Amino acid sequence: MNYHWNWHIFLEPSPTGDGTYLDMLLSGLWLTIATSLCAWVIALVAGSIIGVMRTLPSKLANLVGFAYVEFFRNLPLLVQIFLWFFVLPELLPSAWGLWLKQLPHAPFYTAAIGIGLFMSARVAEQLRAGISSLPRGQKQAATALGLTTMQAYTYVLLPIAYRIILPPLTSEFLNTIKNTSVAITIGLLELTGQARAMQEFSFQVFEAYTGATVMYLLINIVVVTAMRILEQRVAIPGYIAGK
Amino acid sequence: MFGNFDFDVIRRALPYLFLDGMTFTLTLTALSALGGITLGTLIAMMRLSGLRLLGRIAGLYVDFIRSLPLVLVIFWFYFLVPYIGQWLTGAARPIKVGAFASSLITFIMFEAAYFSEIMRAGIQSISRGQPAAAQALGLTYSQTMRYVVLPQAFRNMLPVLLTQTIVLFQDTSLVYVVSIPDFLGAASIVGERDGRLVEMYLFAALVYFAVSSVASFGVRQLQARIAIVR
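Quick mapping for you: the protein sequence lines, in order, are chains X and L. Under the working numbering, the residue at position 236 of the first sequence is numbered 235, and the numbers go up by one with no gaps. With the second sequence counted from 1, adding 106 to any position gets you the working numbering.
Everything labelled a hint here was simulated from the structure, so no lab data went into it. Keep in mind the model is a prediction, meaning the values are calculated, not measured. No residue lacks a Cβ here, since even glycine has one placed at the ideal position from N, Cα and C. One or more hints might be untrue.
As the list claims (entries may be wrong) - If you want the ones that stay clear, here's a sample from chain X, every Cβ over 10 Å from chain L, calculated:
hint: 1; residue: 18
hint: 2; residue: 105
hint: 3; residue: 136
hint: 4; residue: 138
hint: 5; residue: 144
hint: 6; residue: 149
hint: 7; residue: 227
hint: 8; residue: 231
hint: 9; residue: 235
As the list claims (entries may be wrong) - Cβ pair distances, simulated, as ranges:
hint: 10; chain 1: L; residue 1: 285; chain 2: X; residue 2: 139; range: 54 to 62 Å
hint: 11; chain 1: L; residue 1: 248; chain 2: X; residue 2: 200; range: 49 to 57 Å
hint: 12; chain 1: X; residue 1: 12; chain 2: L; residue 2: 170; range: 25 to 33 Å
hint: 13; chain 1: L; residue 1: 298; chain 2: X; residue 2: 98; range: 18 to 26 Å
Given the sequences, and given the hints that come with them, work out the whole structure.
So, in structure tokens, the structure goes:
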């Protein structure tokens, strides 16, 4: 290979004027973390509501939940991001559209909301699977004790369901982090975007992407380790995962 | 809201969208799925081979690829493939690789990691008695795999493999980041040329939604039909 390697490139100042190329990648790393955390909060909240709706005895709630999940699962993430970013402001009344277009940090908000909603359909499916995996007796016992449906969910079903689906939720969180890279297409300079920019400024293609790769691997290791500790903390005695 | 919606721009773009864009997307999806499943099965067999070194290499590959975003992997291969080609052919300069070949290699290598996990689960779902019986009958390792284990593993995992292929179909839209005109890329090119992004993106969304919904409905039907009654 006649590629000219230059690993010192990370310590050289970048043409953006604030710091070295390494600083550039690090700022991307922070933006990736911030975007994925915001998206994850949205995914958890919306996903929990929809997931619960799909297990309710009401037909209407079921149908709404089903339609929601189908909508967000059958469109590619990139198309969804484009719909939020390019199409939505045009379809709104013009004053609202204008306000949306002039919003500072629009790519960040679009990415957080778009990826959050995209992931919420997945979270909803996981939660539905978790709730339906519970023995029927749990719900019946709660009803027999006089708990309302709302109370049965908050005190009996959800605390167990969430703990059961913790491992798949971990992979969904990792997917959320990885999916933030799609926001490069609307100009969000997250980790992949900064690596791309570094490649274009410095022509050191492979160093730039190696830097980003190492950072993604580190995020992965941190999240997996943290979630493993959390899983052990909240494990339910009597289940295989418990003590 | 749809007052100045221009349906004609979609109609005029239809031949380009489908003959060029959708053909690219579907060919890429089909070939990547085939290649990914083949490579993924090999990786799964490496992991389950019982040979420690082979298993470790396969495991590292799968974990490595699965912790990276697809967009980053697309960039990696887009720039790496010409150099690998140069190294393989001994050429003096990095060779030129077409858009299709480059994305095909990317998606095969990327999806193989995901398909291998599915195939691993499929192979592990087969009871230990089956390969033991095959061995007792005098079948070699490759015969056991070809005639006993893999056919059942494929059958058990067919719905999951097809679901992953639908995900792959949606993921091919990400070749947009290296400006390859797949279906979404074609829609975006027309939309930007004519200043009609709204129409083109809504139409693209509709088509993706229709294809994915019909496909996942088909998978659900298939799942009900081929489920082995135990």
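Here is how each hint holds up against the structure:
1. 18: At about 22 Å from chain L, residue 18 of chain X clears the 10 Å cut-off, so the statement holds.
2. 105: 15 Å, holds
3. 136: Nearest chain L Cβ is 25 Å from residue 136 of chain X, so the label holds.
4. 138: 26 Å, holds
5. 144: 37 Å, holds
6. 149: 32 Å, holds
7. 227: 15 Å, holds
8. 231: 21 Å, holds
9. 235: Label holds. Min Cβ-Cβ 24 Å, cutoff 10 Å.
10. L:285 <-> X:139: 54 to 62 Å: 58 Å, holds
11. L:248 <-> X:200: 49 to 57 Å: 51 Å, holds
12. X:12 <-> L:170: 25 to 33 Å: Since residue 12 of chain X and residue 170 of chain L have Cβ atoms about 31 Å apart, the given range 25 to 33 Å holds.
13. L:298 <-> X:98: 18 to 26 Å: For residue 98 of chain X against residue 298 of chain L, whose Cβ atoms are near 24 Å apart, the range 18 to 26 Å holds.
Hint check: no violations occur; every hint is consistent with the structure.
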